[in-house]
Amino acid sequence: MEYRFLKNDLKKNFKNNIIITLFISLSVAVIISVFLTCFSLFSSIFSLYEVARPPHFLQLHKGEINIDEIEDFNKNIDYVEDSQVITLINTYGSDFNVIKKDNSAGNTSLENFKLDISIVKQSEKFDYLLDKDKSILEIKDGKIAVPRILLEDYDIEIGDILRYKTDDGYREYKVSNIMYDAQMNTSMAGSVRFLLSDNDYNDLLKNSKDTEYMIESIFKDPDYANRYQVMYEESGLPKNGQAVTYNLIVTISAITDIINSLMFLVAGIIFMIISLVSLRYVIMMEIEEDRLVIGNMKAMGISYMDIRNLYLNKFRLISFVGVVFGYIISNIFTKFMTGRIERIFGHIKIGLLGYMISIVIALIMYLIITTFVKTTLKKIKKLSVIDIMVKNKGFSKSSEKKIKRLPNMPIDIAMPIHNSKSGYGIIILLVFASSLAMIFPTSMSKIFDGDKFLSYMGLEKSEVFIEIYESSGRKDSINEISKTLDEYSDYISYKTSDIYRQKITNNKHESISAQIEVGNNIADNIEYIVGRHVDNGKKEIAISYMIADELGLGIGDDIFINVADKDIRLKIVGIYQDITSGGKTAKTGFRFNGYDFQKSVFYIDGDYEKISEDLKSSLKNLDVLDDNYKIYKSDEMVNQVFGPVARELKNVSFIVSIIALSIVFIVVILFEKLRVIKYSDYFLSKKHMGIKTKEIIKEEILASVISGLKGFVIAILVLLFTISSVISIIFTILNLGISKINVEVTLADFRYVVILFIILIISTYLAARNIKNLNIRGENI
Numbered sequence: 002m003e004y005r006f007l008k009n010d011l012k013k014n015f016k017n018n019i020i021i022t023l024f025i026s027l028s029v030a031v032i033i034s035v036f037l038t039c040f041s042l043f044s045s046i047f048s049l050y051e052v053a054r055p056p057h058f059l060q061l062h063k064g065e066i067n068i069d070e071i072e073d074f075n076k077n078i079d080y081v082e083d084s085q086v087i088t089l090i091n092t093y094g095s096d097f098n099v100i101k102k103d104n105s106a107g108n109t110s111l112e113n114f115k116l117d118i119s120i121v122k123q124s125e126k127f128d129y130l131l132d133k134d135k136s137i138l139e140i141k142d143g144k145i146a147v148p149r150i151l152l153e154d155y156d157i158e159i160g161d162i163l164r165y166k167t168d169d170g171y172r173e174y175k176v177s178n179i180m181y182d183a184q185m186n187t188s189m190a191g192s193v194r195f196l197l198s199d200n201d202y203n204d205l206l207k208n209s210k211d212t213e214y215m216i217e218s219i220f221k222d223p224d225y226a227n228r229y230q231v232m233y234e235e236s237g238l239p240k241n242g243q244a245v246t247y248n249l250i251v252t253i254s255a256i257t258d259i260i261n262s263l264m265f266l267v268a269g270i271i272f273m274i275i276s277l278v279s280l281r282y283v284i285m286m287e288i289e290e291d292r293l294v295i296g297n298m299k300a301m302g303i304s305y306m307d308i309r310n311l312y313l314n315k316f317r318l319i320s321f322v323g324v325v326f327g328y329i330i331s332n333i334f335t336k337f338m339t340g341r342i343e344r345i346f347g348h349i350k351i352g353l354l355g356y357m358i359s360i361v362i363a364l365i366m367y368l369i370i371t372t373f374v375k376t377t378l379k380k381i382k383k384l385s386v387i388d389i390m391v392k393n394k395g396f397s398k399s400s401e402k403k404i405k406r407l408p409n410m411p412i413d414i415a416m417p418i419h420n421s422k423s424g425y426g427i428i429i430l431l432v433f434a435s436s437l438a439m440i441f442p443t444s445m446s447k448i449f450d451g452d453k454f455l456s457y458m459g460l461e462k463s464e465v466f467i468e469i470y471e472s473s474g475r476k477d478s479i480n481e482i483s484k485t486l487d488e489y490s491d492y493i494s495y496k497t498s499d500i501y502r503q504k505i506t507n508n509k510h511e512s513i514s515a516q517i518e519v520g521n522n523i524a525d526n527i528e529y530i531v532g533r534h535v536d537n538g539k540k541e542i543a544i545s546y547m548i549a550d551e552l553g554l555g556i557g558d559d560i561f562i563n564v565a566d567k568d569i570r571l572k573i574v575g576i577y578q579d580i581t582s583g584g585k586t587a588k589t590g591f592r593f594n595g596y597d598f599q600k601s602v603f604y605i606d607g608d609y610e611k612i613s614e615d616l617k618s619s620l621k622n623l624d625v626l627d628d629n630y631k632i633y634k635s636d637e638m639v640n641q642v643f644g645p646v647a648r649e650l651k652n653v654s655f656i657v658s659i660i661a662l663s664i665v666f667i668v669v670i671l672f673e674k675l676r677v678i679k680y681s682d683y684f685l686s687k688k689h690m691g692i693k694t695k696e697i698i699k700e701e702i703l704a705s706v707i708s709g710l711k712g713f714v715i716a717i718l719v720l721l722f723t724i725s726s727v728i729s730i731i732f733t734i735l736n737l738g739i740s741k742i743n744v745e746v747t748l749a750d751f752r753y754v755v756i757l758f759i760i761l762i763i764s765t766y767l768a769a770r771n772i773k774n775l776n777i778r779g780e781n782i
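Using the numbering used here, read the sequence shown as starting at 2 and increasing by one per residue.
Just so you know, these hints were derived from the structure itself, not from any lab. It is possible that some hints are incorrect.
Said to hold, decoys possible - Here are the simulated DMTMM-like pairs of lysine to aspartate or glutamate, each with C-alpha atoms no more than 25 Å apart in a straight line:
1. Lys102 <-> Asp79
2. Lys210 <-> Asp96
3. Lys102 <-> Glu112
4. Lys382 <-> Glu488
5. Lys166 <-> Glu112
Put together the whole structure using the sequences plus the hints.
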């Protein structure tokens, strides 16, 4: 009997069963895909790091160096396992041209590549550069390996020629590998490395004038990095450059994919809640449609358990097929979602463990679904034969449509508004949750889009920056640039600052290394979490959030910096956010000459576009600069560094929106079909009153739209009051130096919501058409 019932029911409700199966499959696919994506991300990171072994502490240095002193220092620290010094040959994008292997296009210059470029050879001890299979690269003479990140902006293939301009002519190298750099694998690292063979590298190093050192150490535990950094800087060893710890390397490398995974996780949880709530409507539709059959079985003396098992077995079968199909879809979908992860971290191996855990998740979801079905099917037990056969009572709380006092407006609008007040909770929830899932990643992407992110980089909101790096004639360079800029005073204005690396100490003698920017009118237009900008000449300082957090400092507290063996006391007047330099920076208007000069910065505002080409040409002709400077527009710099993050979040928004719209389409059809069955008497009475079917359908569509608008309004209110706080919490957890994000929700964020309402109207119409098929008993014919 059970087999015959199951077979007949599957044939009778073939379309419905297909919809239910797809619905379950979609829900399972989303949850498992989110897990596999997160699993792939972290397993890829750790497998890459396991082979590449990036340093736990890295100190960049430009200038003279004594490697023996560094080795002696490390030998006296018991938790240091190994150390090395890597010499970087610094170069510029304008020195490179790409020649296609098939001569299909003209030479392409890398002059617009804003990240720092260094040429290296393969490391001897750790910090290895890898190929896509996570194997240590071995480069032959005449070959070069280019970083994967370069492919995001340039069409470079294996076999292409990279022509490099040197002081004594040109060198040409054939691209033999796409390289994976665990330390510098995203634009947020600010620099990239090109890999040459030992012979080619040594040949370039002989005549190179611009070199820099990476002083690297590996510890027994990465957590020793902060302790080591303080000891290193107090020892007087070379530190004319940025210091980076292992945790920062990991965070910067994976920030885009971590944020992507968080967005998918939030969306997955929302979709799972929708799925469980919507499943109730699926079951109710089934038993409401079969209530007369159920009444007859009860009248024949068939027990509740036997009746329940008939439907339970059906839903078990459908759930099993849905879960299996969803698991298959998830593996296909995961390959699409993890495409970027593979591009960044190399070949992905999810492995047996990943697939076993995903199978366990699928089984758990199957159990959740079947348990939920059992609970819902208990409604069969609550009604007697008389209740069911009378037909006025169904399995829902109320199958009668009671008309209360209508609003004082046209009947075509009043009835949908009245109907939307009860029984439309699923539509409200659906639109509310889907709106959140679609708008949240869109709003997140705007944070990294455009020059607004300068607020979180501790940078002045200026149109153009010119940076001058360490050189013996720095003062002459600054004077020459100032004279050049003065020639364009009718178009632009500017101000300058110097940046030093100094140790900051609090009253408890706790110290931290930071980059301190010194200048007049400095940081007067950055956003402060608390406090204000510093005044010129006063012993005041503004510090980044991360320094304030680590040293327990606040407004009004004093800090000390040591200059010429004297401690200078500065009062904290402002705290701002900064994601650069490890989040540890400060600003002051009190002039001093620090020990470790990093760079000088010119902030330029005004009508730069009118004089940009002339200014670039004038600066290039200044012999004193000797190419030891950079000039870039703020929006270009932010786009180069954070553009990939924004693009990926937009892709996440698109994928989540497609999933949300698919779920809305399926659920609304199921919901409206249940309404047609549940309120069949109500719809029939309206038809008998002479109301046309198309008018009844129009009423149903308006009720759905009105309910959807309620959910949308709730979503807007939630976003307006919580989105900034939620995103701020995410960045605080990432520990990047940002604790407060301001996100504005604009009309442009709602483009997918417009499509959502179109889907809502279409799906309601498709399901409501069944009203015309109702016969006198309220059954579909």
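Right, here's what the structure says about each hint:
1. Lys102 <-> Asp79: Status violated; Cα separation ~51 Å.
2. Lys210 <-> Asp96: holds, 14 Å
3. Lys102 <-> Glu112: holds, 20 Å
4. Lys382 <-> Glu488: violated, 90 Å
5. Lys166 <-> Glu112: Satisfied, since the Cα-Cα distance of roughly 12 Å is no more than 25 Å.
Against the hints set out earlier in the document, violations occur for numbers 1 and 4.
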